[in-house]
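Please work from the sequences and hints to get the whole structure.
Chains as they are written, first to last, in this note's numbering: chain F, 872 to 1041; chain W, 872 to 1041; chain S, 872 to 1041; chain B, 872 to 1041.
Derived by calculation from the structure, the hints in this document are not laboratory data.
One or more of the hints may lead you astray.
Said to hold, decoys possible - For the chain B half of the interface with chain W, some residues (derived, Cβ under 7 Å), not all of them:
1) 956
2) 957
3) 958
4) 960
5) 1006
Unchecked claim - Pairs of lysine to aspartate or glutamate residues, derived as EDC-like cross-links and limited to a Cα-Cα distance of at most 20 Å, are as follows:
6) 992(S) - 886(B)
7) 1029(B) - 1006(B)
8) 999(F) - 943(W)
9) 992(B) - 943(F)
10) 992(F) - 886(W)
11) 992(W) - 1015(S)
12) 885(W) - 886(F)
13) 875(B) - 928(F)
14) 999(S) - 1024(S)
15) 992(S) - 943(W)
16) 875(W) - 1015(S)
17) 992(W) - 943(F)
18) 992(F) - 943(B)
19) 875(S) - 1028(S)
20) 875(B) - 886(F)
21) 875(F) - 1006(B)
22) 876(B) - 928(B)
23) 875(F) - 950(B)
24) 992(B) - 941(F)
25) 875(S) - 941(W)
26) 905(F) - 950(B)
27) 999(B) - 941(S)
Unchecked claim - Cβ-to-Cβ under 8 Å is the rule here; a few derived chain W residues that face chain B:
28) 929
29) 930
30) 940
31) 944
32) 958
33) 959
Beta carbons: idealized from backbone N, C-alpha and C, even for Gly.
There are 4 protein chains.
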Amino acid sequence: MTRKKQVLVIGFGKDHCTEVAYDAAYQVGLEIAKHGAILITGGLGGVMEAASRGAKDGGGFVIGIIPQDDKEMSNTYCDAVIATGIGFARDFVTAYSADAVIVIGGGAGTLIELSAAYQRKTPIVAVKGTGGVADRFVDEYIDDRELEKILSEDSPEKAVSRAISLTNLE
Amino acid sequence: MTRKKQVLVIGFGKDHCTEVAYDAAYQVGLEIAKHGAILITGGLGGVMEAASRGAKDGGGFVIGIIPQDDKEMSNTYCDAVIATGIGFARDFVTAYSADAVIVIGGGAGTLIELSAAYQRKTPIVAVKGTGGVADRFVDEYIDDRELEKILSEDSPEKAVSRAISLTNLE
Amino acid sequence: MTRKKQVLVIGFGKDHCTEVAYDAAYQVGLEIAKHGAILITGGLGGVMEAASRGAKDGGGFVIGIIPQDDKEMSNTYCDAVIATGIGFARDFVTAYSADAVIVIGGGAGTLIELSAAYQRKTPIVAVKGTGGVADRFVDEYIDDRELEKILSEDSPEKAVSRAISLTNLE
Amino acid sequence: MTRKKQVLVIGFGKDHCTEVAYDAAYQVGLEIAKHGAILITGGLGGVMEAASRGAKDGGGFVIGIIPQDDKEMSNTYCDAVIATGIGFARDFVTAYSADAVIVIGGGAGTLIELSAAYQRKTPIVAVKGTGGVADRFVDEYIDDRELEKILSEDSPEKAVSRAISLTNLE
Chain F
872 MTRKKQVLVI GFGKDHCTEV AYDAAYQVGL EIAKHGAILI TGGLGGVMEA
922 ASRGAKDGGG FVIGIIPQDD KEMSNTYCDA VIATGIGFAR DFVTAYSADA
972 VIVIGGGAGT LIELSAAYQR KTPIVAVKGT GGVADRFVDE YIDDRELEKI
1022 LSEDSPEKAV SRAISLTNLE
Chain W
872 MTRKKQVLVI GFGKDHCTEV AYDAAYQVGL EIAKHGAILI TGGLGGVMEA
922 ASRGAKDGGG FVIGIIPQDD KEMSNTYCDA VIATGIGFAR DFVTAYSADA
972 VIVIGGGAGT LIELSAAYQR KTPIVAVKGT GGVADRFVDE YIDDRELEKI
1022 LSEDSPEKAV SRAISLTNLE
Chain S
872 MTRKKQVLVI GFGKDHCTEV AYDAAYQVGL EIAKHGAILI TGGLGGVMEA
922 ASRGAKDGGG FVIGIIPQDD KEMSNTYCDA VIATGIGFAR DFVTAYSADA
972 VIVIGGGAGT LIELSAAYQR KTPIVAVKGT GGVADRFVDE YIDDRELEKI
1022 LSEDSPEKAV SRAISLTNLE
Chain B
872 MTRKKQVLVI GFGKDHCTEV AYDAAYQVGL EIAKHGAILI TGGLGGVMEA
922 ASRGAKDGGG FVIGIIPQDD KEMSNTYCDA VIATGIGFAR DFVTAYSADA
972 VIVIGGGAGT LIELSAAYQR KTPIVAVKGT GGVADRFVDE YIDDRELEKI
1022 LSEDSPEKAV SRAISLTNLE
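Now the structure itself:
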């Protein structure tokens, strides 16, 4: 297997994304591209769009995995669009496709992706100060089974470096 | 539409279910049956099994919605088994099928079902003192959109009464 | 396990259902109820609705498993509604939940459910003369692996009797 | 939107793939790469593996969308692996992600993907002489709604050219 590392970025959707989170997501996307990794997102707005824009500006490759059955519903910064047609159950598809996860803000949907990644013991790094789920679960386990601690870093650069260093791929 | 109310019970799976949670779940299942509602669960062990046993002892009807594609993988207290074959993405199917949700303990999987129900603004009642997710999110919203508050009651009886009173069905 | 047999009825949706198929589906639903089995359908119109009406008139129990995330989208003849939210991928959920399948007419969606049931070697009986998929694949295998032959009968009564006699449940 | 065209190749799985189909799939993958399109497959063996090998030899980009929740289950010729965790319901994800579909042999699973693509009116081209589904449905519609005719060509080169010419993307 010679495939590149796949880093998933999750966080606020378009309906409640803050400027702080949007900017952090752009930087995270840019850094992922610089590291030569593939960016995976849920393919829609807010943090998903911002990270995709950053990765494109950094010359990276972006895969958007959307809930709808119509590829045209994705944001316009995707190199490839996976149209699942399974609604928000696609949160499992994004989570399972990640070698590592970066969390920027986020609400209930982000919490679902985070929990799904946790169940598979995938490395998760939150960007501190971006609000929502990213700040709520810092340095904690999701449940009493303590499968994988949610790590945190105070900058996009550090978060991406750490996430990539923790992947199982060589 | 003359269908009965469908109450979903979620919580600890078999691998980390406590005796307190198991007993509470049995009582919750029994109460749901007494109210003439249909019990829906994820069809496996722990809280899912306990609630199903209670509902059967109360003469109720139980539907287990399992991750596997083989109906034989369910617990033996189901009147009907829905074999989804979609893995833990079935957490969305249980959540969307609920007119109301009762939470008893629970870990990451429970948090996923809870978040999915929250996104649809389905009434959610936690049984206090059962640990895990049920105690962690009491009287809170899952995210800043404040779509639906997680309510709580200190007994199985009260939790079931309140959950059923909050359903939209007549 | 003391659960009842679960018989899935598949066929033409509302947009291209014939009167012949609708009438046959009603009779099939009625017979399933008389045999004391649970009727499972995709929960929408056409053959799904007709079979559900028949089963209700026969005093049976009907579970509708719909593509949408909103239970209100089902037809009004369901005793329980499973809202999957996974779109037409729910064709796998209906197929996997069946102890036996009855086919009445049907197009591409019916062919998907049929193929999914075939892959699990679930007994399948087509009602002859109802058109579409039911007449196209009679007494054939879906593919060269010959996992399970599509059987056929020339009346709803015989189709139901045969389907139920072929289930693995006692 | 500047994304490349996404061509899905479907057909026999590893358990019943013929040499004729395997060779045709390799050529199809090679041609897709030459046209600068992205190859999408179900990520496993047989036709999926052969097409992926061809695309890699042609310098193309391959995305494998697998049923499992573990990326390691894919074949080793993928540039990116989407691990859905939803079992064979992933047949809808592959179908919905396609701008065009090429069919090479194939059994029940192939028929499901074909039917899902048909429901969305996605262009479908079968490679003649490769057996199974590819030869069975040539120049036909899947059902009476006649949404999209299954086209055919007698060589991998022609099939790829035609499929790509029929996509809606510019």
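Taking 20 Å as the top limit, are the C-alpha atoms of residue 992(S) and residue 943(W) close enough? Given pair residue 992(S), residue 943(W) holds - Cα atoms ~15 Å apart, limit 20 Å.
Please check whether residue 940(W) passes as an interface residue: C-beta within 8 Å of a C-beta belonging to chain B. OK, holds: residue 940(W) within 8 Å of chain B, min 6 Å.
What's the verdict on residue 875(F) and residue 950(B), does the C-alpha distance respect the 20 Å limit or exceed it? Holds, because 7 Å separates the two Cα atoms, which is no more than 20 Å.
With chain B as the partner, please determine if residue 958(W) meets the hint condition of a C-beta pair closer than 8 Å. The hint holds - residue 958(W) has a Cβ within 8 Å of chain B, the shortest such distance being about 4 Å.
Given the hint that residue 992(B) pairs with residue 941(F), test it: the Cα-Cα distance must not exceed 20 Å. Since the Cα atoms of residue 992(B) and residue 941(F) sit roughly 12 Å apart, the hinted pair holds (cutoff 20 Å).
Does residue 886(B) sit within 20 Å of residue 992(S), going by the straight-line distance between their CA atoms? Holds, at about 16 Å.
Straight-line alpha-carbon gap residue 999(B) to residue 941(S), limit 20 Å: Cα-Cα ~43 Å, so violated.
For the pair supplied as a hint, residue 885(W) and residue 886(F), is the alpha-carbon distance within the 20 Å limit? violated, 37 Å
Min Cβ distance, residue 958(B) to chain W: is it shorter than 7 Å? holds, 4 Å
CA of residue 875(F) to CA of residue 1006(B), is that 20 Å or under? Distance ~37 Å between residue 875(F) and residue 1006(B) Cα, so the pair is violated.
Take a quick look at whether residue 905(F) and residue 950(B) sit within 20 Å of each other, Cα to Cα. holds, 18 Å
Proposed proximity, residue 886(W) with residue 992(F) (alpha carbon, max 20 Å): holds, 16 Å
Going down the numbered hints, you'll see the structure goes against 5, 8, 11, 12, 16, 17, 20, 21, 27, 28, 29 and 31, while the others check out.
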